[in-house]
Each structure stands twice: as structure tokens, then as C-alpha cells.
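The primary structure of each chain is shown beneath.
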Amino acid sequence: MSQLTDIAWDDFRKLSLQEKGPYFRLHGHEGHVIIAQQFDRERLDSLGLLATRIRRIAKTRNGMEFLQGLLSHKRAMLYFSQPSTRTFLSFLAACEILGLKLGEVRDTSISSEFKGESQEDSIRSFSSYFDLIVMRCKIGGLAERMAWLLSNSERPVPIVNAGSGKDQHPTQAVLDIYTLQRSFENSGGIDGKRIVFVGDLLRGRTVRSLSHLLTQYRDVEQVFVAPAQLQVAEDIQFMLKTAGINFTLTDDFRSQLPSADAIYMTRVQDEWDAQKGESGKVDISRFCLGVDELALMNDSAVVMHPLPRREEISTAVDRDPRAVYWRQMRNGMWVRAAMIATIFETHEKIMEWAGI
Amino acid sequence: MSQLTDIAWDDFRKLSLQEKGPYFRLHGHEGHVIIAQQFDRERLDSLGLLATRIRRIAKTRNGMEFLQGLLSHKRAMLYFSQPSTRTFLSFLAACEILGLKLGEVRDTSISSEFKGESQEDSIRSFSSYFDLIVMRCKIGGLAERMAWLLSNSERPVPIVNAGSGKDQHPTQAVLDIYTLQRSFENSGGIDGKRIVFVGDLLRGRTVRSLSHLLTQYRDVEQVFVAPAQLQVAEDIQFMLKTAGINFTLTDDFRSQLPSADAIYMTRVQDEWDAQKGESGKVDISRFCLGVDELALMNDSAVVMHPLPRREEISTAVDRDPRAVYWRQMRNGMWVRAAMIATIFETHEKIMEWAGI
Amino acid sequence: MSQLTDIAWDDFRKLSLQEKGPYFRLHGHEGHVIIAQQFDRERLDSLGLLATRIRRIAKTRNGMEFLQGLLSHKRAMLYFSQPSTRTFLSFLAACEILGLKLGEVRDTSISSEFKGESQEDSIRSFSSYFDLIVMRCKIGGLAERMAWLLSNSERPVPIVNAGSGKDQHPTQAVLDIYTLQRSFENSGGIDGKRIVFVGDLLRGRTVRSLSHLLTQYRDVEQVFVAPAQLQVAEDIQFMLKTAGINFTLTDDFRSQLPSADAIYMTRVQDEWDAQKGESGKVDISRFCLGVDELALMNDSAVVMHPLPRREEISTAVDRDPRAVYWRQMRNGMWVRAAMIATIFETHEKIMEWAGI
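Just so you know, the sequences run in chain order A, B and C.
First residue of the first sequence? That's 1344 in our numbering, and the numbers climb one at a time after it.
First residue of the second sequence? That's 1344 in our numbering, and the numbers climb one at a time after it.
First residue of the third sequence? That's 1344 in our numbering, and the numbers climb one at a time after it.
A couple of the hints might just be wrong.
Each pair may be met inside one copy or between any two copies, as identical chains are not told apart.
What the hints assert, rightly or not - In silico DSS-like cross-links for lysine-lysine, where the CA-CA straight-line distance does not exceed 25 Å:
#: 1; residue 1: Lys1357; residue 2: Lys1509
#: 2; residue 1: Lys1481; residue 2: Lys1584
#: 3; residue 1: Lys1509; residue 2: Lys1481
#: 4; residue 1: Lys1509; residue 2: Lys1417
#: 5; residue 1: Lys1584; residue 2: Lys1509
#: 6; residue 1: Lys1357; residue 2: Lys1584
#: 7; residue 1: Lys1417; residue 2: Lys1584
#: 8; residue 1: Lys1417; residue 2: Lys1692
#: 9; residue 1: Lys1417; residue 2: Lys1402
#: 10; residue 1: Lys1624; residue 2: Lys1509
#: 11; residue 1: Lys1402; residue 2: Lys1692
#: 12; residue 1: Lys1481; residue 2: Lys1357
Bear in mind the hints are in silico, worked out from the structure with no lab data behind them.
These numbers were taken from a predicted model, which means no experiment stands behind them.
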């Protein structure tokens, strides 16, 4: 099995995402979590089972004590140089469930970066004090680079990518898959479903990653509903074509509502605007979900959203049983706990626990 | 018993504070802590006993281990969008004493709020990952609104109001009552005492809440000493009149010193200035406590202050045994621990613990 | 034995650093850690042994559980009003290893200091809720002042100085000594070695403190390599002369490389520039270490750096076995844990633990 210690950085970075996937293992088992392309269907399925197991164990006090004892001797660093309260808190809660002690750097203005330190040195510092680094940053590819760097250092601490530039947000993609698994657990699973993505599909990295993961399921149709300026990028379309996936691009949201099994709403990602404010000019009113749109949907369909939302989902939708975005958010905590448990090889202990 | 699930928001918000009080219970026991009006004398007395009990148990290592085991399976979110180091640290320590794991958002500039999320959605997010939310904000009534929202959601997580706008800071008021209880425990308790409030009584929410709670004690006289521009607001005066309480407004501080049982000093709350700097024009030199004023006070009287202070209490006063404001601050930690223990129904376990 | 309760502030502050040292004890044992002058060779040696012991115990899960149980009933406050990610995280990890619960204030803009509170009152507040205060600040002498203040209060909580103004950073100096102890453990220890300091020796407080501690070892030569404007201050030169230490000032880096046992690199501390940017005018290119300089060094010599670094050490040096700065950083965590364990008198328990 290849590892990052076997390859020079300049060779590694030229690989395709598909080729990079297997390299992120550490010590012969799951190590860094950097890109969605690491996750094949088998791994997605076992993570889903583990997440459900953790969720159930956590319901009792006895179970929580078991979970909190698993990694209480480990310390995790949450390094969020790009702000995200939700992802941050979700990882924090996941770590706390497993008993990890925490350190955090959220506001880089208070870090020693003002003293001119390189990102590489900062990460190596974190690896000196912690056993796991969860990092989120604006720079695409940085998590990957850091995984390579640490793998080739004296302390090869695992890195979990909590969002890296416009490209990758693998844990979000896996929690989305888990939410689909749970939503369709009584209707044959994800295979054969029709998934409709809506909104800013150009810059939403969660859509990119999820679209990729869905190619691992049989006969899943992907529909991309967006204004022309925000339609899904060509590399994703190319990836889908190459994988032989049935997909559709459209700007007609209403027409897609009756046949959707899942509607995945997204907000306009204007923090990525090249010039401030250009997103304001896009009319997204036709890409919003309210009670009228809800009425057109199938009874068994679900509405998802990575959150935070703005006006693209009306709050009136919240109480509809098809609105699963709050549950989706909580799923993130369980999936991240499952991933971290796997990194530290405690997954079997969890699956075998006799307390429930 | 009424709960927030039984009433529409538009009906609830029109109720008087007195009427709102009973609604904050959850699952038939103490739930949200939102307004001072929730606390009747019986509850204040039992919280005081519990706080004292926790304080004593915490003195030994064995006791601390007992306390830290009580809620170690729970997670609390400290959401302070209005800054307050003291209240924040006090809640943090209270949670740590009871073993709760913590998450925090203190600086809203690093939260996802910049992505345009509503306060409602932020709070629902927190409720997805945590079992308790302690919140402090500049917006009056927000904690109340959020308590209603969560009570009517799938995860009715309790909210503790750590300061909401200019109106309410109920845990501060309860810790002030506890400090008075302790100060007068050998002199007949709070009943019949003369409490003198001094300083910016218009905008100090602690004074408002404490003034209300004192109406539950027999024959307590309340004296309000302030420059005319900062004298206590008319709604408080009206509340006192309605309750038949003996109270006095004055701007003559010195005349009140000999007869006071407790002097409650406050600082000018200029962060609430409508125009920046208007408070600077008020002459507060006559509303300060130094060694000269101390000399006029009764030997058994106490000096309180919610802190932080500026020049209104001279540091020369600190070493006088009547200066109880440092103890008052530490009381906040015990009272908050008592409140949180009560919310999670561990108060009986604490009262019955045989370790001391 | 003298304590801070035995002396008025105005008398204490006039003492020399040498004279102040013994006063920082609390309750008859190690208390506040404020200045490098507190540490004699005996104490440095026992701290080194304890740090090594903790490091070894922490290698196993069983050992980590033992360590985490030692101070789990205590709470530590990390108060960093001057930013430093590295020192902060190092203390945080050290506290977590010993099981201490944590509170932190890192960004003073979100503290209540904007309400005009004095530093004295802030520290007294922290002492109300916590059992240990680790503080870092820009103001020279503040940690010393606060240690005196708390020693003379009702809660004499120990203070650890994590960097105070331009003068003192005692825990950095002790971890540097520990790194030298480890580096020379098979070559006779620190005695008789030649230590070469390079860079901004005027404003680097770590150099000042380390230079002082080295005077406790026999026949250690100290060499100061810097451009004239950044050469080590006269008070240090005076201290060395008084102690009868052999030392050299030079601006010729290369000439010192062959004979050095340790090269201690530092970066330009331009955050202390009186006028912004004056450091930019100093040519430091002759005070950088790259592979060429490495080639001139002795095989058994080591390269140290307090980090963060800029260009003064080339990243190409990192993989050389003589580059010990990453290990030096991790040593900081062990040494700080050893110090805190000593403050709370658990050092004997650690030395006697039979688990390894």
C-alpha cells in the first residue's frame, strides 16, 4: 500500500485526485482525511454503520462514559484559519464525545502568524503538542500539502481536512451521504435515487464532493439547478461523463420538484466573489424553496442544506417532516466522531461494545 | 403547568414578565433560566442552600471528583455575542465543576454570522451539538425568544440567559441574593434590611433584576442613590409601588451610609450611551466609595459591586472586611453551578451526598 | 523563608532580580514562576528529571491516565494578552496532560477590559474562578506585580509567567536548558560547553534568560553573534562579567561555527520596534543558518531556535539530525508540565509511580 512517505511532494501533487486517494493512509490503516476521493462505497457504508452505532450508544449515560473513555489520552488541535462556527462546533463535539482533549486556533490574527511564520511551521508546531489536527483554510490544496509534510516528519500526526479552499470538504460530503443513507434506509438506500442540487453550484465545495461520492452508487441521477453564472463547473461535468453518470443541467427548479428524491439546497457563496458584490446581481429568487415548492414535492422526498442558509429555504419549511437539514447537521457530529474513531482504530471496540 | 410548547410566540411575548415566569419550565421541572421573575423566594432559598453545599463539597478532592462526575456526559455551549470575561469565566468554571464539556463562541466576527445566518438558526445549530446553551447578547428579549424556539423544536435544549440587552441578567441577580443571604446569615437574613443602590441605576440591568427579587423578602427598604440623569427607571419604581415596597430616590450618597445594611455600587454603563461619550459629562465623583465613606458605614454592613469597577470604589476599600465584592464574584460560580445542577435534576444527589 | 506576604510592594520592587527569586515561593514550596533568577542548578536538574519522567510515562495509555488524574480537580486560566500561539498551546497541552480544566482569554478586545477595568482587578477575577494563572503580557514586570498582589489576597493562586515584556520568559529559558541537558546527556552535560547566540540579541527575552541560567553551569562559554544594533544589552554583559563568565561579542557568524556546541538562532523581534520598520533596515543575511553553515559545524553540535522562525534558518536544515528545534518545542510541553506538577506538589507522586 502506498503512503506519503513513499513519494516526493513534486510527484505527488501532480497525481489526479483519484490517484491521490490511497496515499493518505498512515501506519497501514486510515490516516489523514483530505479528499472525498479517499472514500469508496465500502468505506462509506462502514462509516455510516459506525456513526449510527455511536449515535445509539451516546443516548445513555453509560454509553457516553464508554465513548468518552476511548480517546481520553489523546489531544486534538482544531485549526480554523477560515471561519466556520458550525463545522468547528461539530468537530469539537465529536472530539468531546470520544474524550479527546482540545486545543484551538480560530482567529489567526491572534496567532504567531503575524511574526511571519510559514503555514508549514505552524502545522509542525501543532503536531508537536497534539495527536490529531483538524484544519480548515482558504487555500486550496493546503491540507494535502500538510498531510504530506507531517507524514514525512518525526511526528506523523493525522490531519482531517475540515474545508480546504474551493475544492474539498470531505467530511461534509460524507455526512451528506450518511444523511441520504438514513433518509432512504427504508426505501432501498441511495441506489437509483434522483438527487437535485440547487443554488450556487459553481462555488459550493460540498456539492462538488457529494457529486463525486454519489458516483459510487448505482443508477443515481444527478440534477443541477442553477442560474447560468453559478452552474456546476466543467470539471465536475467531465467527471460525471467519464463515470458514465446520468446528469442534467437546468435553470428550471419547479420542473424538478415532483421527481426528486432529495433536494440539496445551497446558498450563494459570495465570500468567494472575485469582486465584492458580483453575486448580488444574480437573481436567485427562482432557486428558493418555500411552502409552494414543498407542495410539489413527493411525500417521501427530503430537503437537505449544508447550512448556514439565507433566504433560499423559507423558515416555514422547517417543520415539514421532509426538511432534514437540522438532522443533517447533527449527523455531521456523528460522522465526524466515526471518522476520528476510525483514525485511532477504535471502531471495532465501538462495534463490539456490549453495553446496549 | 404551562410550558412554552403550549403557547404561540405572538401570544407569549405580550405577557408581563410576571406571567412569563412559569412558562420557562421544561419537561415538568426547572428548564430555561431567562428572567429574574422566574425566581420566587422558595427557589432562591433552595438555590442558596445548594450553592453552599456545592461550595463545601468542592473543598476536597474527593468532593470535586463527585461533582465532576455528575454531568460529565453533557456538553454546554457558551455563546457570548456580547463580551463579558467575568460572566463567561464564571459559567465556564461552574460547568467544569459539574464535569460538563464545553464549546464556546465569544467573538461573533469569527462565526458564520457573516454568512448572513439568522440568530434563530445559529441557536438551533448550537442545540444540535450541545445539551445546554448559555447565551449573552445585546438584544433585549432574544434569550426569551430562543427559549420559545428551542422548546418548540425537536431538541428542546435549555437556555440560560447570561445577560440580555438592558433588561435581564437573572443569574447575576440570584448571585447577588446569595451574597446577601451569606452576608446576613447570622443577622436574621435579608428580611428587614436596608439596601442602598448607587451609581448608574438607569442602565445597570443587575440593579433592575435585584430590585425585583428583593420584593420577595419582608420589610426590605430599597434606596436608589444616583445623579438625576442616571436614576432608576420608572418601570422599576412602578413595580416597587405596585408591590407596596418602601423605597427612596436621592442623590445624597453620604446621608445613606450610616443606615445601610448593604451598599450596592455600580459603574457608569457607558457602553449603552446613545451618543458616544454622553456619560462622560455626568459628574459621578459624589457617588464613589472610599475610606472616608467607609468610616461612616455600620460595622456589620457590606459593600457589593457586580464588577468590573472603575473609580467608583477605591482599591483602598478592598481589604476592609465589609468589602464582599470579591467573594460576591466567586459566589457567582457556585450559584451558577447550583442552577445548572438543578436544570439537569442532579440537585438531590448533591444534597444527599455523604462524602462530607 | 521569605514570601511575598512579608514585604510591601514598594520595598519588593526595588530588589534586584537575584534578591527577588526566593520570594516567589507559596506555602513553603514552589509557588509563582516569574523570573529566571528563581531557578538554581539544583532546581533545573530536578525539573529536567521530572520532565523526562513525565515524557516517558505519557507514552502509554495507562501512563496518560495516571497523569491526567493528578490535577483533574484543578482549573487553570490561560491569560494571554500578548499573542503567542506556540507558548499558549504548549501550556494548554501541559495542563491537559495533568488533567487540569482550562479557561482562556487570548484576545483582550473581547474581554471586559474595554469597560475600563484595571489589570489588577482582572487578575483577581481570574483568581476567583481558577487555581492557577498562566499569563503573558507586553508589560514588563506585570507578572511580578500580580504575584505580589495575589499572594496578599484571600486567594493566593500561583502565577506562571509565560512572557512578560522584553525582560522575562522563564519557562522558555528552562525548556532551553532542558534541551541542552538532553542534547549533551551523553557528552558530559552542559558544563564546559560553548553556546553561540545568534540574531536579535538585544530584544529577544529568551536569550537574556537563558544567558543568565547558563551561568549556573561550570565553564560554559557564551558567544553573542549579532549586528551591532542588535547586540546583547549591557546589563547582560555586566551580569556575565560579575559572574566571572567567559563571553565574546562578535558579528562574524562563520568564524564561530566550527567550535560551537550549540547554536541558538533567533529572529528579528520587530514587534518591539520603537518606530515601525526600523528592523527592516538591518541586514541579517550574515546571521542566517543554511546548509553551507551546517557543513562548518561539529557533528555533535546542535541547532536550537525558540521559534517561530523566518528566514534565519533555512528549511533545508530541518532534516539534519543536529536540528533540534522541533524537539526543543515539544520539550516545552514536558518542562511546563513538570513545573505545574511541582507547583501543586505532585512531583514526588510522579517520580515514584510504578506504572513504568
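Worksheet entry | Violations among the numbered hints | Hints 2, 4 and 7 not satisfied by this model.
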